[in-house]
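K.L.:
For reference, the chains in residue letters:
Number of protein chains: 2
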Amino acid sequence: MAQVKPSIPKGTRDFSPVEMAKRNYIFNTIRDVYGLYGYQQIETPSMENLSTLMGKYGEEGDKLLFKILDSGNFLADVKPEELQDGGTAKLAARICEKGLRYDLTVPFARFVVMHQNELAFPFKRYQIQPVWRADRPQKGRYREFFQCDADVVGSDSLLNEVELIQIIDEVFRRFGIRVAIKMNNRKILAGIAEVIGAPELLVDITVAIDKLDKIGLDNVNVELREKGLNEEQIAKLQPIIKLEGENRQKLTTIKQTLSASAVGMKGVEELEYILSKVEKLGGTDCQLDIDLTLARGLNYYTGAIFEVKALDVEMGSITGGGRYDNLTGVFGMPGMSGVGISFGADRIYDVLNQLNLYPTDALQSTQLLFVTFGEAEQDFCLPLLAALRKSGVRTEIYPDARAKMKKQMTYANAKQIPYVVIVGSDEVASGEVSLKNMITGEQVKVKADELVSKFYK
Amino acid sequence: MAQVKPSIPKGTRDFSPVEMAKRNYIFNTIRDVYGLYGYQQIETPSMENLSTLMGKYGEEGDKLLFKILDSGNFLADVKPEELQDGGTAKLAARICEKGLRYDLTVPFARFVVMHQNELAFPFKRYQIQPVWRADRPQKGRYREFFQCDADVVGSDSLLNEVELIQIIDEVFRRFGIRVAIKMNNRKILAGIAEVIGAPELLVDITVAIDKLDKIGLDNVNVELREKGLNEEQIAKLQPIIKLEGENRQKLTTIKQTLSASAVGMKGVEELEYILSKVEKLGGTDCQLDIDLTLARGLNYYTGAIFEVKALDVEMGSITGGGRYDNLTGVFGMPGMSGVGISFGADRIYDVLNQLNLYPTDALQSTQLLFVTFGEAEQDFCLPLLAALRKSGVRTEIYPDARAKMKKQMTYANAKQIPYVVIVGSDEVASGEVSLKNMITGEQVKVKADELVSKFYK
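Going down the list, the protein sequences come from chains F and E. Residue numbering for the first sequence follows this note's numbering, beginning at 372 and increasing consecutively. Residue numbering for the second sequence follows this note's numbering, beginning at 372 and increasing consecutively.
Simulated from the structure, these hints should not be mistaken for laboratory data. Some clues are possibly wrong.
If chains are identical, the list can't say which one is meant, so a pair holds when it fits in one copy or spans any two.
[Stated by the list, open to error] In silico lysine-lysine, DSS-like type, Cα no more than 30 Å apart, as pairs:
no.: 1; residue 1: 626; residue 2: 778
no.: 2; residue 1: 607; residue 2: 818
no.: 3; residue 1: 651; residue 2: 777
no.: 4; residue 1: 582; residue 2: 376
no.: 5; residue 1: 461; residue 2: 818
no.: 6; residue 1: 461; residue 2: 381
no.: 7; residue 1: 807; residue 2: 648
no.: 8; residue 1: 680; residue 2: 825
no.: 9; residue 1: 761; residue 2: 510
no.: 10; residue 1: 651; residue 2: 807
no.: 11; residue 1: 598; residue 2: 381
no.: 12; residue 1: 461; residue 2: 775
no.: 13; residue 1: 775; residue 2: 651
no.: 14; residue 1: 582; residue 2: 626
no.: 15; residue 1: 381; residue 2: 427
no.: 16; residue 1: 651; residue 2: 816
no.: 17; residue 1: 450; residue 2: 461
no.: 18; residue 1: 775; residue 2: 648
no.: 19; residue 1: 778; residue 2: 434
no.: 20; residue 1: 613; residue 2: 461
no.: 21; residue 1: 818; residue 2: 648
no.: 22; residue 1: 816; residue 2: 613
no.: 23; residue 1: 585; residue 2: 461
Note that this is a predicted model, so its numbers are computed, not measured.
Between the sequences and the hints, there should be enough to build the whole structure, so can you do that?
P.N.:
The following block contains the structure:
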């Protein structure tokens, strides 16, 4: 076995105990809220058959799939001319049957189709698992990262959209992150395209409108002209571009503009339903804004579109989602409408770090360390540890009885253990131990058998 | 996009909501107990560089590694003659830089070496993550499965062994599984080999002794003779083969037999220390048996060896572990002694299933479903749901207001929701809802605003 200087693949990460505590806090918070709304957890295998994955993420996505080399003699069925063909994508498909999960949506669709007879519809599931993409790694972009998706399929009720907004609101309330939920509807975008008669320019239009704050109305109109819109079309768009005010006002303006489009008006109706239900529930803690420039997943979403931005940190979208009409069609199960959201755990992690919002409790591991000076003292302490642990207090004893006090205290500090119990021969004799608060430095004598009641909550 | 009949790779599994609830119960129980003893969680990437993994699991292990095909033009640096060479293992190494984690131990060693300057030693870590092996799938053996390891490195104190026994004891006490912890020590086995002068036959000897119950003493001796031991050697082994009684008695016999072997006597001393500390702590709930036939990880473990068997189910070992002297040497960091255990989550899952030991609480998802008959009723219910969720009650409303009652009740049953609130126009008018216990069928009227106090714990 040759010695290797160890490293990990680029774009991947180790998670230290502190990082894990923070991540668990995020995942547990999201998990708890999903659970409150009746979403149930599933997991799917890390590997899927490439036949399940290929063609679902566009040509670029196919390239970003991590493919797993077949076991054994993987060249057995490959002809020499295939090797010389140079077509590595084709050859890859010949020597790799499996690939790593690229997202949680396609595996979920595959799951629903495979297990359709065991599931209760509407099926509300959540899934928190890593996904892998052979993307070029860069700041904030990893080759292995977690997604936290919740979807409900088999129901076209807009109440699902309402509840997903409540879930987003509750999760960020618990995190203490101030956010705005931006909301749009694919049908409204379709209505705009219909009204101005230029569906092929829809993306250009939303991109241009999105620049209003930065470049001003005149320049937006210049850009629209450059993209090929004529004056009449641009005139029709003006109320949409200048859209302002409360959500109700915005809806009124949109209605006037899109009155000629049936699909556009359907989109307005959906937004109105969602807003009115949310209001009946006392509104949300966070801002809830209609934003027509929101155009994520245009060739995927068919109704509501959501996106969440943190208000106090410069950062891209930290949560997103929307409604789709045909999740499972590609696997032979048509007509399965659904709506879902996905929390961006890595970005939320960064936001919580930047705003220093992690609760101390969530990050603490060991609460109490016993520092001793010999085997007799260790023997004195062991039953105390057992009693504390029985009461749920996370307790350690420094294992090496010969270690110097300084070494043991350094260990306590490095692990950020808030309390230390110091036990020497005097303490054993008197039955009173020294309890030190490692943050304040305060040290008091405590009867050994009163330790549990001091820490038990 | 062609329609494909969906399937998953052989040896992998989907986990349904009920299976996930059971698995989470197992993982959370183990996690909580690890935490009580000061073990902290880490995670490592699913992919490691193949240079980290290769050569660590023997030749067979190298073959069982899942290798990940390099992105892009993976044949760019491969010469035509390498392709014709037929040596697929060699070629695999040329076109794959990364592989999937095979266990948690090697990545942990790599982690310790890479992060040695950030860690507080002794470093107590636990890790609960999937591993992948290209093994032939069969009943109970999967290509993707979870390991739940705890290790402490940087301490040779036997107190660590004592605490790991306490951890095993506590975990199975919480599960309600009656187990026996079998304990051996590599040094005692070395002592036996030394005393009879046949170290190369050590494995044969332990295998033969292990058959005592099945084939009887005479046949064990016949087998030892066949394996090449002479009469003097067999005579010396008799007390070890017939080893009986309490652990103390066993230790006395072993001491007499191995008195001439320094290493053997060291092993006895270690076992004595561990047993005496465990006794001082009031012993264990589970059986704790010295078992010299326990010979797992012979070329790996250097001190204590542990194995756990369930008493009420026919099943292989459900937990194992031991001490090793040089975890990180292969990565250039010598002298790092450690000891660890690993819970076999999949087998524990099966044992809990067979003995029907899952607590009802752990498996329950939604506690309460609102069944309604129209939008007005839904509107009446929405604030009630919000209040219940605010109190931590996992609550759902059937999203489609037009759905028939039967459909909604079927949904409740399929999800095993224990309580249903039924709200029609009468209930809205009176402010009293019908609360139905889905298990007993009992149905009572409850004031809407008293629902929370009924469910809040």
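K.L.:
Run every hint past the structure and note whether it holds.
P.N.:
Consistency of the hints with the structure:
1. Neither within a single protomer nor between protomers do residue 626 and residue 778 lie at most 30 Å apart by alpha-carbon distance, with minima of 72 Å and 36 Å respectively.
2. When the C-alpha separation of residue 607 and residue 818 is checked against a cutoff of 30 Å, the pair qualifies neither within a copy, at 81 Å, nor between copies, at 53 Å.
3. In this homomeric assembly, residue 651 and residue 777 come within 30 Å of each other (Cα to Cα) only across copies, at 28 Å, whereas the closest approach inside a single copy is 61 Å.
4. In this assembly of identical chains, the alpha carbons of residue 582 and residue 376 never lie at most 30 Å apart, being 49 Å within a copy and 45 Å across copies at closest.
5. Within a single copy, residue 461 and residue 818 get their C-alpha atoms no closer than 74 Å, and across copies no closer than 66 Å, so neither meets the 30 Å cut-off.
6. In this homomeric assembly, residue 461 and residue 381 come within 30 Å of each other (Cα to Cα) both inside a single copy, at 25 Å, and across copies, at 23 Å.
7. For the identical chains of this complex, residue 807 and residue 648 are inter-copy neighbours only, at 26 Å across copies versus 54 Å inside a copy, given an alpha-carbon limit of 30 Å.
8. In the homo-oligomer, the alpha carbons of residue 680 and residue 825 never lie at most 30 Å apart, since the shortest distance is 43 Å inside one protomer and 38 Å across protomers.
9. Taking the shortest Cα distances, residue 761 and residue 510 never come within 30 Å of each other, neither inside one copy (44 Å) nor across copies (37 Å).
10. Taking CA atoms no more than 30 Å apart as the test, residue 651 paired with residue 807 passes between copies only; the shortest distance there is 26 Å, against 53 Å inside one copy.
11. Taking the shortest Cα distances, residue 598 and residue 381 never come within 30 Å of each other, neither inside one copy (40 Å) nor across copies (51 Å).
12. Taking CA atoms no more than 30 Å apart as the test, residue 461 paired with residue 775 passes in neither setting, with 63 Å inside one copy and 51 Å between copies.
13. Proximity of residue 775 and residue 651 under a CA criterion of 30 Å is satisfied inter-copy only: 25 Å between copies versus 64 Å inside one chain copy.
14. For the homomeric pair residue 582 and residue 626, the shortest alpha-carbon distance inside one copy (23 Å) is at most 30 Å, but the shortest distance between copies (84 Å) is not.
15. For the homomeric pair residue 381 and residue 427, the shortest alpha-carbon distances inside one copy (25 Å) and between copies (22 Å) are both at most 30 Å.
16. When the C-alpha separation of residue 651 and residue 816 is checked against a cutoff of 30 Å, the pair qualifies only between copies, where the shortest distance is 25 Å, while the shortest distance within a copy is 57 Å.
17. For the identical chains of this complex, residue 450 and residue 461 are neighbours both inside a copy (13 Å) and across copies (19 Å), given an alpha-carbon limit of 30 Å.
18. Only between protomers do residue 775 and residue 648 lie at most 30 Å apart by alpha-carbon distance; the minimum there is 22 Å, versus 65 Å within a single protomer.
19. Taking the shortest alpha-carbon separations for residue 778 and residue 434, neither the intra-copy value of 52 Å nor the inter-copy value of 44 Å comes in at or below 30 Å.
20. When the C-alpha separation of residue 613 and residue 461 is checked against a cutoff of 30 Å, the pair qualifies neither within a copy, at 50 Å, nor between copies, at 64 Å.
21. In the homo-oligomer, the alpha carbons of residue 818 and residue 648 lie at most 30 Å apart only across protomers (23 Å), although the nearest pairing inside one protomer, at 58 Å, exceeds that limit.
22. Taking the shortest Cα distances, residue 816 and residue 613 never come within 30 Å of each other, neither inside one copy (70 Å) nor across copies (53 Å).
23. With identical chains, the CA atoms of residue 585 and residue 461 are never at most 30 Å apart, being 45 Å at best within one copy and 57 Å at best between copies.
In summary, the numbered hints that this structure violates are 1, 2, 4, 5, 8, 9, 11, 12, 19, 20, 22 and 23.
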